[in-house]
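Here the protein sequences come in this chain order: A and B.
Counting in this note's numbering, the first sequence tops out at residue 286, every number present.
Counting in this note's numbering, the second sequence tops out at residue 159, every number present.
Just so you know, these hints were derived from the structure itself, not from any lab.
Don't take each hint at face value.
Claimed, not checked - Example chain A residues on the side facing chain B (calculated, C-beta under 8 Å, incomplete):
id : residue
1  : GLU131
2  : CYS132
3  : ALA136
As the list claims (entries may be wrong) - Below 30 Å or equal to it, Euclidean Cα-Cα: the simulated DSS-like pairs (lysine-lysine) are:
id : chain 1 : residue 1 : chain 2 : residue 2
4  : B       : LYS96     : A       : LYS127
5  : B       : LYS154    : A       : LYS102
6  : B       : LYS146    : A       : LYS283
7  : A       : LYS116    : B       : LYS38
8  : A       : LYS182    : B       : LYS154
9  : A       : LYS173    : B       : LYS50
10 : A       : LYS68     : A       : LYS28
11 : B       : LYS148    : A       : LYS259
12 : B       : LYS94     : A       : LYS116
13 : B       : LYS148    : A       : LYS281
14 : A       : LYS264    : B       : LYS148
15 : A       : LYS135    : B       : LYS96
16 : A       : LYS102    : B       : LYS94
17 : A       : LYS173    : A       : LYS85
18 : B       : LYS96     : A       : LYS283
19 : A       : LYS173    : A       : LYS281
20 : B       : LYS146    : A       : LYS164
21 : B       : LYS96     : A       : LYS270
22 : A       : LYS281    : B       : LYS50
23 : A       : LYS224    : B       : LYS146
24 : B       : LYS154    : A       : LYS259
25 : A       : LYS164    : B       : LYS94
26 : A       : LYS281    : A       : LYS116
27 : A       : LYS270    : B       : LYS50
28 : B       : LYS148    : A       : LYS224
29 : B       : LYS96     : B       : LYS50
30 : A       : LYS85     : A       : LYS41
31 : A       : LYS85     : A       : LYS102
32 : B       : LYS146    : A       : LYS116
33 : B       : LYS158    : A       : LYS102
34 : A       : LYS97     : A       : LYS264
35 : A       : LYS164    : A       : LYS127
36 : B       : LYS148    : A       : LYS164
37 : A       : LYS164    : B       : LYS96
38 : A       : LYS116    : B       : LYS50
39 : A       : LYS127    : A       : LYS259
40 : B       : LYS154    : A       : LYS164
Using N, Cα and C, we set each Cβ at its ideal position, and we do this for glycine too.
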Amino acid sequence: MHEHIQQRIQSIIQNVEQLPSLPDVVSKIINMVNDPDVSFKHVADEIAKDQAITANILKLCNSAYFSKGKEISSIDRAIVILGLKEVKDIVVIATTKSVLNKVIVGYDLARGELWKHGVAVAMLAKKIATECNQKAIADIAFTGGIIHDVGKTVLALFVQSTFKEILNTVTEKSITFQEAEKVVMGFDHQQIGEQVAIKWKFPKVLQSIVRYHHEPMNAPDDHKMIVSIVHIANTLCLMAGIGIGSDGLYHELNYDAIKLLSLKDSELEKLFADIPELMMKAKDIL
Amino acid sequence: MDNLLNIGVAQLAVAENPVIMRTILGSCVGICVYERNKKIGGMAHILLPKNPGNANPEKYADTAIPMLIQQMLKKGCKREFMTAKIAGGASMFKFKSTTTLANIGENNVEATRQALAKFSIPIVAEDIGGSAGRIIDFFLEDGRLKVKASGDEKIYYKV
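Kindly generate the complete structure, drawing on both the sequences and the hints.
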């Protein structure tokens, strides 16, 4: 292991200013939506405080993926027509794009690829949750899908300098790319991502999604289901080549996650086959 | 690069010199057919092997490849001057082998070979299998194919 790299990563984590930032409004909205007593008005007021975000949110409300057909011209109307959870997901899209829509060196992702990957995983995770009778958590699967790889934005520079070593470790030890990241650098992109989610004051369930998306069975028991959903969505999107980088498919498709969701082979294949249509719907989000 | 044409998942296109066609592959297969006389090329990015019936033809090897070749013939390409290069068809590094999902890469390659054989179009180069993601650039100037995988680049010149 490269101790100097491990130390540099450690210092980034401790000095949270070096981790990506997000406006406070995002965690406020996420936590408000989880509160059963929250008033629509309160949420709308909170969003409206930020003019720039509001304009962007209204545009997204009227996009092909989110629109319910009726023109939405205010946040109040958006909450009434789309619902609080949907508006929360739109807030997440509007605010995280600047963090994720970057060139990710090391992982060899051109500008836009990691963002496209996050959006694809979000949409597919939401679809899986809905089809597997987990509709109540579909919006959380969506948010988790968007941000699950945020750790890559921080780790990329270190992956760039150690890439050959990580890949050699994968083949020599027959371990996944993310496990090899840990062997070579002392940290993997899931752990860094978890620190980002903590900095952003995101709830525990979102921290778990980011932390365990490659190893769903290690997630806390009450998060295993949702982490499994994002794990499968992530695997399917990578197989379809959406946001696949230098780490390729050097990952695991966890069979226990498939069993937990009682997904049949034919259902998995159908989800995979539907990815191109899902991406068409997302065109104006990307 | 002004001449760059990105092909998305389950899409196909035909273009001519000096266009460079690009796609990014996981378990999908990228089929690059080149007509060396006219310097016209076609690329298909297929997701699955067999079309169950009336589904989007561009998504499946057995329907996308005939469609691609028809489009090339329409542009005046001659079948005897066509050759193919194929790339992709990767699999998850770790998986339980009984899931059909895990074998999609392999099945895609097999269905691609069969569909090209039906048109007697020879495959002159293959960069397939393993667990790497691939970015492929198909240069219609001379039909060469650049494959970037796991940080390395390879170029296949044969047409």
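Which hints from the list above does the structure break, by number from lowest to highest? 1, 2, 3, 7, 9, 11, 14, 17, 18, 19, 23, 24, 28, 33, 34 and 35
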